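Peer 1: Take 1 as the starting number for the sequence shown in this note's numbering and just add one per residue.
A few of these clues could be false.
Said to hold, decoys possible - Pairs of lysine to aspartate or glutamate, EDC-like flavour, derived with a Cα cap of 16 angstroms:
hint, residue 1, residue 2
1, 59, 44
2, 59, 36
3, 55, 82
4, 99, 36
5, 99, 50
6, 99, 49
7, 55, 36
8, 59, 82
9, 99, 82
Don't read these hints as lab results, they were simulated from the structure.
Note that the structure is a prediction, hence the values are computed from the model and not measured.
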Amino acid sequence: MNKFLLALMVSSTCFLGGCNNTSTPKPAAPAADAIEQNNVCVVDSISLDEAKACKPGQKIAFLPDSWGNEQFPIRFVLGHCDMRYTVALTNGGVVCIFKPLQNVMAGNQK
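Can you make the complete structure from the sequences, with help from the hints?
Peer 2: So this is what it looks like as structure tokens:
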């Protein structure tokens, strides 16, 4: 019985020891404080030309009148979103942190 109580106390200490975490949380991605939280750039086209007024690090919302096809939101995310951060995608639009695409390479290029 004493061995059982000892084992129970040791295991309880090990399990409960993780509950007292006092470390400070870290940002989700590097330079998280550089995100522009006060403004949003709204576009209705996947064209990079339309997004030229948007600044990198700013929230961007893609709100088209119609999708056209199911690849539009993925193409928008590919060309406009910083994938280190959360991307919100619904049937009506996309919202993410703006980071314009720098290079496009075909799948067979190295």
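Peer 1: Next step is simple, just say for each hint if it's right about the structure.
Peer 2: Now for the hints, and whether the structure bears them out:
1. For the hint pairing residue 59 with residue 44, the CA-to-CA distance comes to about 14 angstroms; that is within 16 angstroms, so the pair holds.
2. Taken as a hint, the residue 59 and residue 36 pair is honoured in the structure, with Cα atoms around 7 angstroms apart against an allowance of 16 angstroms.
3. Under the criterion of a C-alpha separation no larger than 16 angstroms, the hint pairing residue 55 with residue 82 is consistent with the structure, at around 12 angstroms.
4. Between residue 99 and residue 36 the CA atoms are separated by roughly 12 angstroms; this keeps the pair inside 16 angstroms, and the hint holds.
5. A hinted pair counts as satisfied when its Cα atoms are at most 16 angstroms apart, and residue 99 with residue 50 qualifies at roughly 14 angstroms.
6. For the hint linking residue 99 to residue 49, the alpha-carbon distance of about 13 angstroms falls within 16 angstroms, and the restraint holds.
7. A distance of roughly 9 angstroms separates the Cα atoms of residue 55 and residue 36; the hinted pair therefore holds under the 16 angstroms criterion.
8. As the CA atoms of residue 59 and residue 82 are separated by approximately 10 angstroms, the hinted pair is consistent with the 16 angstroms bound.
9. Proposed proximity of residue 99 and residue 82 is supported: the alpha carbons are some 5 angstroms apart, at most 16 angstroms.
Checked against the numbered hints above, the structure violates none of them.
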